[in-house]
Every structure is written in structure tokens, then in C-alpha cells.
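Peer 1: Starting from the given sequences, assemble the full structure and let the hints guide the process.
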Amino acid sequence: MTSFQLTSKEFYTALGQDRLIGSRCLDCGHISAPQRQICPTCHSDRQEVIEFDGKGTLAAFTVVSVPPTHMAVAGYGAKNPYCVGIVTLQEGARVCAQILDVDVHAPHTIRIGTPLVMTTIERGEGETRKKYLAFEPA
Amino acid sequence: MAKQKFARGVAVVGAGMSKFGAFPDRTSRDLFVEAFLEMKGTVDKGLDPGQIEAFYLGNFSSDQFEKQAHLAPIVASWVGLSPIPAMRVEDACASGGVALREAALAIASGMYDVVLVGGLEKMTDLPIAEVTEALATAADTQFEIPAGFTFPGFYAAMATAYLDQYDASPQALAHVSIKNHENGALNDKAQFGQRIADIMASKKARAEQKGLPVPEWKDELEFLADPKGNPNIAWPMSLFDCSPVSDGGVAVLLVAEEIAFRYTDSPIYIIGSGQASDGALTDRATLSHIPAAVEAGQQAYQMAGIGPQDIDFAEVHDCFTIAEIMATEDLGFFPRGEGWKAAMSGKTARDGEHPINTSGGLKAKGHPVGASGVGQVVEVWKQLRGVAGERQLPGNPRRGLTHNVGGSGQTCVVHIFERRD
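The listed protein sequences derive, respectively, from chains G and X.
Counting the first sequence from 1 gives a position; this note's numbering is that position plus 7.
Counting the second sequence from 1 gives a position; this note's numbering is that position plus 842.
Don't read these hints as lab results, they were simulated from the structure.
Ideal placement from N, C-alpha and C gives every residue a C-beta, glycine not left out.
Just so you know, not all the hints are guaranteed correct.
Unchecked claim - The calculated SDA-like cross-link candidates involving lysine to any residue, where the alpha carbons are at most 25 Å apart (straight line), are:
hint: 1; chain 1: G; residue 1: K16; chain 2: X; residue 2: A978
hint: 2; chain 1: X; residue 1: K1070; chain 2: G; residue 2: K16
hint: 3; chain 1: X; residue 1: K847; chain 2: X; residue 2: R1104
What the hints assert, rightly or not - Partner residues aside, some chain X positions facing chain G, computed with beta carbon under 7 Å:
hint: 4; residue: P988
hint: 5; residue: A989
hint: 6; residue: T992
hint: 7; residue: G995
hint: 8; residue: A999
hint: 9; residue: T1002
hint: 10; residue: D1068
hint: 11; residue: G1071
hint: 12; residue: N1074
Peer 2: Here it is in C-alpha cells:
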């Protein structure tokens, strides 16, 4: 059991504690990540927060050489590209996450279907510094 | 689902656009004036602007790009249309297509007979980093963007899923870029009036002029595979896979079918219209196509009572090369997993069995985001009326389709147009 709420900001509160949360529909069992108050499948508003165990596989990815400002500030760019991807959690839902410990200078070596485990990465400065979702090869 | 149809017919009787490109000396309203005047000149029997009853403007984010919100009444005033109702329609890069649909629905409802549709975006005033930030607000800024996604990144991720699922050749992406630049070179409104081969030649000439080693690309594919000529943006999307940052305005005049002959003897009828929405990329069952495009396409085909085989040509939302390949499958022109082969074998070229983006598409014509969906209609108008000049399709095309996507597929709107004579 977790004490997190279903409201959307709780995702980062949980991540701050290295925990990845979502929700399960108490009526149809659909699992959402991040957590939702209304089931996107059966429309039920009876949802509970669940905690994922942080295992998944890589479903799609890219290696970004032209970063948005917040990633550029974190040190990424054409000479230091990063991988970001979509991860299918073993519970079934998908999440967006930075993918660490893959060869960003040889993107063709990164394989869809690679087993991954959850971690976090801290970015930002001062008060805006916080933990973001990341995965790395299992 | 019950069959959806207009309560009365809607026709296009005029269409014009500004040149697309980067225009530091002009603001969005100037670009719209240019488009409006061209549109007025295309109304065969003349247009008294006083007859226009409402104005729907597709615009993604003038508030971010120009620090000017509430754009529709300003633009309406600038072309002399006050006090008619004027509203801005926003669905990211699908803003223009959705504005067209809302205008058509307003006529179909019986409320208005004559409605102006605009599409407008002025993006190049901001530095590129801020343009990227502004565009990113069309994604989920709470969960997608913080992970590190960018717009090229979303389509790049879909490309990895597509290429993996169908064991497709990444070279297919280059073929889309080459083909759209070929078409854009024949369009005087296009931002890039150059074929890839022309771009290679000018890069070689520049190297020679500067006394640098002259690159030895033997053909376009070799150039596009060279990161020095075609740097990575978000792998596997390189620079020439991406549509540009653009300024541009478009104006299209819609009227009730029953009065269309007051304006022209050759109206273009809207026979199909469909629109759908979706969640973020992570919410979708598939990453190798765009479900909202399939849904919007099916609605439009059902309303028109025809299928993909009845479409002579299409303008699809090629914001990135992979998007065109997925679109040709989502719209049913090719079976799943066959779109990349069709792109490689020339089936989507002007002389192919399914000509796609004869205008040059977003890739070569330019992508002023809120204007793009309306800009597609200008190409359909020209092709169906036989006035597309050097890029005119042979055989008097009868039906054209437009496919306009917002975000990574959270919105898609599809229209089918028909010439009857």
C-alpha cells in the first residue's frame, strides 16, 4: 500500500523517494502510468494508487543531439547527446524516461526490447533541482 | 457509430496563401493580408468581403511566438472584417485543419453561408531554442517533456518502433525527403525551392570557394547519410527529416453548397470530414502508427462514401519524414508495413500510383504550424482546378485528401475534397 494521492503532481513526489507510481482501476483492472482519477478504458472513478516494481523493456527511443533548454542546462548537446525512450513496464503501462548507460554515440546498437530497470536522475539547479524518471539496462 | 454527415453541403470557392519562409520584416497580420488578397483574386466571380459572416483562424501560439494573444479579431480587423465573429482555433499543428472543420460545421449547421478560414503562424521572430520550447508546449509538459522528449524526438521514437516492427530500411526516410524537395522546387510558395541535389551542389561550390576539401557525395542518399551534410537532430531523424521553422499565412473561403455558383462555376466540395483525439504517446496501444489518424480517416471516408482507392492524391502531415510513411498507411493507401517500400519505389511521387505532398509537403513548403492544415487545402484547390503549374498532376484529378496532425498524434483531422464537372 502507498500513501500517495491520485492527483498528477504526486508522480514526482513519489519519484523524489525513488518510487514509480501509477493507478489501477478497481472496476476493470486497467493500469495507468502516471496515476489517473478516471479510468481511460471503462470511465470508472474508482482508482487506487499502485507502485510499480520498476522493471520493463524498451519500446521506442531516440538519441537527442538538439536538446530543449532544460536538457541543455543539464549539460546535453550535439557533443553529449542523450537517449530518451518509451518503456513498457512489466505491469503493462508505458512511461517516458531518460535511458542511461546505452551507447548514445552508436544509436544503432540500442535495441528495442532491451530489458531495463528503473532508476532516477537529478537535473536542475537550486530549488528546481529534482529527480526525474530514468531507466538503465537490467 | 451513426453515420456522420453535414446537414448541408459546403464548398471551397477561393484559396490563397502567402509565401512560406522566414520574413523578419513582416508580422503575422501582414502575411495574412497577403494570403487574403490572393484568395480574393481566386474567387472566379468576385468576392465582396462584406459578405463574409464569420472568421475561423487556425493558429497554434501567437502568444508565445509573437507575444500576441487574441489574434483572430486583430487579423479580422486588418482585412476589414470587423464586426463579424472571429475566433482562434488551437489544436497544435492541427489548428488549421480543425479551423477548417469548425468553419465547415458552422456553414453545415445553417448558421452562416459564407465563412473565411485562416491559418497563420509567425515563428521565426524567436531564437530557435525558444521556438523549440514553444512547440514543446503542444506535448505533455508534465510527463513527456521533463523526460527529455522533443518533437523530433517523439517522431524519432515512433520511427524506431516502425523500423523495428516492419524490419524497414531507414533509407526510406531519405526517399521521402528527396521526393518532397523535388515537389517543393516546383512550388513558388515553398520555403525551400531547392532539390536535395541543388543543395548538395551549392554546398560543394561553397567548399570549393573557401578552399576546403570538396565533399564527394555520389548521390542524394550518400549526402543524406553523411552527418556533416545532414546532422543528427534526434536519431534516426536528421536535419533533412525535419520540417523547418516557418512564417506563413493562408486564407480559404467556404460557402454553402447551394450558393457556391454565385462565386464560381468550379467549386470544390468538401465531401468528407473526420477528426479524432488521443492521449500522449505512452497511452497508445501502438507506437508505429497514429491511431487518431486512422479514426479521422475512417470518419472522412465513411461520410464521403468512398475508400482510399478513390483518392487521386493527398497532402499529408509530413512534419518529419517518418510521419509521411505512417500517414500513407494510416489513411489506407498502403497496407501496414508497406508504406516504407512505397516511399522507396516511387509510388508516392507525382507520377506514382498514390501521389503524396505534390506541394512539397511541410518538409519543403514549410511548416508555419497553425497555417499548415489550411495550406494543404490550397494545394488540393490548385490540383483539382488544374492550376498547379509545373507540378500539376496529369489525368484531371477528381478527389484530393488532406491529413493534418497535432502534436505526436493527440489530434488528427482529415478532409476529402471533390471536383464535380
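Peer 1: Now, for every hint given, state plainly whether the structure supports it.
Peer 2: Cross-check of the supplied hints:
Among the hinted pairs, G/K16 with X/A978 is consistent with the structure: their alpha-carbon atoms are about 19 Å apart, no more than 25 Å. In summary, the hint linking X/K1070 to G/K16 is not supported, as the alpha carbons are separated by about 42 Å, beyond the 25 Å threshold. A C-alpha spacing of about 24 Å is found between X/K847 and X/R1104, which places the hinted pair at or below 25 Å, so the restraint holds. Annotation: X/P988 was flagged as interfacial toward chain G, and the flag holds, the nearest CB pair being 6 Å apart, inside 7 Å.
Hint status for X/A989: holds, given a least beta-carbon distance of 4 Å to chain G, under 7 Å. About 6 Å separates the beta-carbon of X/T992 from the nearest beta-carbon of chain G, less than 7 Å, and the hint is met. The interface hint given for X/G995 is met, as the beta carbon of that residue sits about 4 Å from the closest beta carbon of chain G, less than 7 Å. With 7 Å as the threshold, the beta carbon of X/A999 comes within range of chain G, its nearest partner Cβ sitting at about 4 Å, so the hint holds.
Annotation: X/T1002 was flagged as interfacial toward chain G, and the flag holds, the nearest CB pair being 5 Å apart, inside 7 Å. Taking 7 Å as the C-beta cut-off, the interface hint given for X/D1068 is violated, the closest approach to chain G being about 15 Å. Annotation: X/G1071 was flagged as interfacial toward chain G, and the flag is violated, the nearest CB pair being 15 Å apart, outside 7 Å. Here the hint on X/N1074 is kept, as its CB sits about 4 Å from the closest CB of chain G, short of 7 Å.
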